[in-house]
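Fit chains B, C and D to the supplied structure of chain A, relying on the hints for placement.
Protein chains: 4
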Amino acid sequence: MSAKIPVGILGATGVVGQRFIQLLENHPWFEVAWLAASDRSEGREYAKAARWRLKTPIPQSVANMRVSPATPDGAPKVIFAALDASIAAEMEPRFATAGHAVITNSSALRMAKDVPLVIPEVNPDHIKLIECQPWRKKSGGFVVTNSNCSAMGLVLALAPLQKHFGLETVMAVTMQAVSGAGYPGVASLDILGNVIPYIAKEEEKMEEETQKLLGKLNGAGVIPAHFKMSAQCNRVAVEDGHTESISVKFSKKASPNVISDAWTSFRGVAQQKQLPSAPEIPVRYMDANDRPQPRFDVEFGRGMTTTVGRLRPCKVLDWKFTVLSHNTIRGAAGAALLNAELLKVEGYLD
Amino acid sequence: MSAKIPVGILGATGVVGQRFIQLLENHPWFEVAWLAASDRSEGREYAKAARWRLKTPIPQSVANMRVSPATPDGAPKVIFAALDASIAAEMEPRFATAGHAVITNSSALRMAKDVPLVIPEVNPDHIKLIECQPWRKKSGGFVVTNSNCSAMGLVLALAPLQKHFGLETVMAVTMQAVSGAGYPGVASLDILGNVIPYIAKEEEKMEEETQKLLGKLNGAGVIPAHFKMSAQCNRVAVEDGHTESISVKFSKKASPNVISDAWTSFRGVAQQKQLPSAPEIPVRYMDANDRPQPRFDVEFGRGMTTTVGRLRPCKVLDWKFTVLSHNTIRGAAGAALLNAELLKVEGYLD
Amino acid sequence: MSAKIPVGILGATGVVGQRFIQLLENHPWFEVAWLAASDRSEGREYAKAARWRLKTPIPQSVANMRVSPATPDGAPKVIFAALDASIAAEMEPRFATAGHAVITNSSALRMAKDVPLVIPEVNPDHIKLIECQPWRKKSGGFVVTNSNCSAMGLVLALAPLQKHFGLETVMAVTMQAVSGAGYPGVASLDILGNVIPYIAKEEEKMEEETQKLLGKLNGAGVIPAHFKMSAQCNRVAVEDGHTESISVKFSKKASPNVISDAWTSFRGVAQQKQLPSAPEIPVRYMDANDRPQPRFDVEFGRGMTTTVGRLRPCKVLDWKFTVLSHNTIRGAAGAALLNAELLKVEGYLD
Amino acid sequence: MSAKIPVGILGATGVVGQRFIQLLENHPWFEVAWLAASDRSEGREYAKAARWRLKTPIPQSVANMRVSPATPDGAPKVIFAALDASIAAEMEPRFATAGHAVITNSSALRMAKDVPLVIPEVNPDHIKLIECQPWRKKSGGFVVTNSNCSAMGLVLALAPLQKHFGLETVMAVTMQAVSGAGYPGVASLDILGNVIPYIAKEEEKMEEETQKLLGKLNGAGVIPAHFKMSAQCNRVAVEDGHTESISVKFSKKASPNVISDAWTSFRGVAQQKQLPSAPEIPVRYMDANDRPQPRFDVEFGRGMTTTVGRLRPCKVLDWKFTVLSHNTIRGAAGAALLNAELLKVEGYLD
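Chains as they are written, first to last, in this note's numbering: chain A, 4 to 353; chain B, 4 to 353; chain C, 4 to 353; chain D, 4 to 353.
Just chain A, with the same shape it has in the complex:
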């Protein structure tokens, strides 16, 4: 009976690389066959090369795997990537050129014209951009990206609103978890009892990615959504889960009931095709006046569900609400994995 598809992980020792390994354990379609990381780790056993920072143990099958050099030779066709942007900018094209399907969490190529930035529930048709990629034409390789962790939860919450009510303006203020900064990432002396009102390049990414994700595919590119958008990004002393205070202006009139219905009834291709990593409910609405909260709500839907709450009128725009999303699952490794599953059912991994 059919074997699983072997996959490789670029940047396997980092916080997101670890999440890939965790989420791929017992995956019905994929299995980890190859790991690469920085030169320092090359040739070492994974369990020794990585400083494992997750609550579940390293899967046994991966613990003793040797870390390979980060080159296409010998790597499986399907590659998950979790590299720093500067390294990804060079490495991902190299793997695509060599014929690999690069499904990446890195920001390096997200805004490239012919690179799809995809959330399966939101804009699955954008994957067609793959066919415009020169790599695809030459070797069959391609690159597909998912969004920044701060944009992810927001876009899942906005997609049903855009569809039902039209979006004119979006204002977002984030309170982001430290795991979003990788490891060692944020120093404890910087965050204990503190808020840091700055994350390098985060506001720019959040603004432009949100508009590309909610934009329209138009031949060889995407026309960004036309609503106005402004983001302010803060770091707080939370381990996992980005909380966001959002205000929006709609094109059409709405009421709390139809808005929460729009969220609750929202489903996408990920749910219709029952992708293994798809959450049953992509957007959950909580009624309680003090939720969502990262400590209690972030793991809902195995970290793949965005939770929304605190819907109330805004005296400047139309509506205010709070969004919560798991930044290293739905906002990183889980997002790439769901993209891989979409690519699989669409025949791109054959």
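Calculated from the structure, these hints are not laboratory results.
The model shown is predicted, which means the values in this text are computed figures rather than measured ones.
Incorrect hints may appear among the rest.
Given that identical chains are not distinguished, each listed pair holds provided it fits within a single copy or across any two copies.
Each computed DSBU-like pair below joins lysine-lysine, with the alpha-carbon atoms no more than 30 Å apart [claimed, not checked]:
id : residue 1 : residue 2
1  : LYS256    : LYS204
2  : LYS116    : LYS140
3  : LYS166    : LYS252
4  : LYS318    : LYS116
5  : LYS204    : LYS255
6  : LYS204    : LYS51
Chains B, C and D alone, transformed into the frame defined by chain A:
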């Protein structure tokens, strides 16, 4: 050798009451002569009645003072109040009726038509409302209030902007310290590794108080400032210091330099009259791209200075910035104390 | 196809009561049929009466259950109790008198001569004390207790050492999680960035319970283990998981290998009879020089495994090591549940 | 009108280097004249080279100072050092050889036979070891060290006990602040909601330094105190302040009153000679049953006082208590500064 003015504290055992005691230690004009708290504390030594939660020790002169009943008999003329709103609603009028000057941090009467809500640097003329109070006419007593801790830092940052550029729209998202909730206040199980996107009645207070503070005195009342305002309030795991992500729209064009100059050069009657608790600089602007931060910046100006930073254009409104203010000093006890000093130099405490 | 045994929970709305409900969801032998809490909650739906503080949602079957009065009338025969000690002291005998099997986490009766204090892996024979209880003789009812959360992890780590090497001296310093104090429990202003070197009555409980648990059943009572023991208990800013720095002196010579073997090979009746809540491995030894750590290791064995690490020689006694145990699972609700399972297989719940 | 003594700081940009600068601002005897750090910082303005992590601002006189190369040329005679041990091992002898008085917080030379490890209140006579140093004989230069931050608070608490009651055994378990690990030091992902039961080489340092500090000067060396000592060191989520749970055995009988008197009445040469950085009270005893606590007590005596509390009998040794000490002031920069002041009054800096 002029004697100091004896003052009393209503609600002396709480977090804000403790700050009053701390700030009044060695005050050049006032000295604590009377303490009252709930029935439970009555008759006990202050050091035993209060669960002291500050880093400096209880002043010796106060430690052994007996907690008095919370009634006007025997209380000094000048009363600082730090009571829960529901108790304040009844207690403050009773003291004012009995001829006391009630300088209060409570929200109970802040929005009452004839009760001044005052920040000495911002709207010192509003104290004239005192003369409209029925208590004043009968017994000489009156009530003066300061704002909620979340409005305080914001209004100090907005006042120079309003003056120079005119305000059309203000959007605020707060990340508030736990000390704002009093003691025991927020349970540790609720806030460790967490964000709580809700503080009861805080958004309403922040919106309406900001507009009253920046409004115009008009005979027996205040015409609220006409700009649009929306607030979202969150609690974070910070001990002291409310951080706020702000967006504003001006009536006039501005540039980063003139905006930061407006902040830096801002002075008010508190500075001109050299009130003892006035900070040299009411609004400080920091250039560093990741400041202000509560852990490092909240105690500037002995907790009386508002710090602003991260000024940058906003794609929806005009400008974005971050505000930081000490919530139990400038946002509570220090605010009331500065109001008392203003009242003193204006002759209201004679 | 035998039906499940209906069980009731006394103190169902508290932190430990919630854990009972969570652990009993889908339990193969027991099902929650009755909930009681303080008068304030009586008659309300559970989901409204409880301030649910766990990451998994309230089980649907329990959410809409009405909270019953805390009296034996109408309560199931098997009762799990999670009451404050002062209330338990009166309530637990009342239920036992009425014929109920009271399996309690409360400290009230733990040290009573005829009340078993039991850990199934350590001293399962102590449950025979039930037969000495006057309630048992009259109505069939009885009380069985589990230990304090700080003693639990320690005793599981000590039991194999006692058996193999004999214990002469035990010194323990704890760093305990805030969930051990219930809800609201520790105020955030008390624990953020802090250590509290005091937990009321904890050191006494830890010392005397450890000696009773490791003591010998002797007719109608237990002869406490004779080793010397001293405990110091501290509270730290951790959500779940008590970490303990331990030093011990043995009667016999040992080596690191035989000690870690003693831990690793340790099994008890809970494992032999495959009780549903028994962890596969009651005591896990970790080799890494910086483990165990609560954030990463506390949930091992679904929170029922004690993890030990950092074994090294002690210059005063013989050996030093670190113990970690989940305080509200293994140290509270899970402990009582495992005791219930032991009672079931021993025929006490028939 | 004598000029101040110019001093230099080696390792000026680190956490301890910053404390030196902070503590030397407005010092009556010393003034910062020279700063050195790693090559990366050389030639840059201090305010740009250092990532300042203290709550008070960088002193203006230092902010614009250029960072010098870390070589003796051009450095002042008196050098404070805060270098990593591996660098200090090479650098400190080089400065001493060149005739400098090196007053260091580094561990590199603490246990060297002819290098004094000194606390002015405890063993001021040990500075005579300077005369045994080959550097001293050749160039006049010398090295004086202070202890590790975990040993410092303990030794101040033990010294009066040793004097009055004799020490036979000391057991210590620490809960140490993150600032002790420098910057960036401990990653936030490692410490939020966590305890780390390991600090590299800390237990060894704590044990051997405690015994050298409380030992006897004997010609060209120190005979370590003969009591038995065992330490276990943990890291907790606290910014500043090491808390320690201590058990001791005395040679003589004692009672709580005489013990607390021994602490409270303890004074040393630092107090007698009124050294500028000496706390009025080197050891403070607090009666409250839940103190000392780092958040509230660590800054007592401007961070130079050790606070002791929770004195109670120990069932294994004689007495248990809790010690709190500021790890970057009394346990690092403040310790070196006090040593410099002692050297000054003893004529070693002339």
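Tested hints:
With identical chains, the CA atoms of LYS256 and LYS204 are at most 30 Å apart between copies only, with a shortest distance of 26 Å across copies and 34 Å within one. When the C-alpha separation of LYS116 and LYS140 is checked against a cutoff of 30 Å, the pair qualifies only within one copy, where the shortest distance is 16 Å, while the shortest distance between copies is 73 Å. Taking identical chains as interchangeable, the C-alpha atoms of LYS166 and LYS252 lie at most 30 Å apart whether they share a chain (13 Å) or sit on different chains (29 Å). With identical chains, the CA atoms of LYS318 and LYS116 are at most 30 Å apart between copies only, with a shortest distance of 22 Å across copies and 37 Å within one.
Taking the shortest alpha-carbon separations for LYS204 and LYS255, only the inter-copy value of 29 Å comes in at or below 30 Å, while the best intra-copy value is 32 Å. In this assembly of identical chains, the alpha carbons of LYS204 and LYS51 lie at most 30 Å apart only when taken from different copies (21 Å versus 32 Å within one copy).
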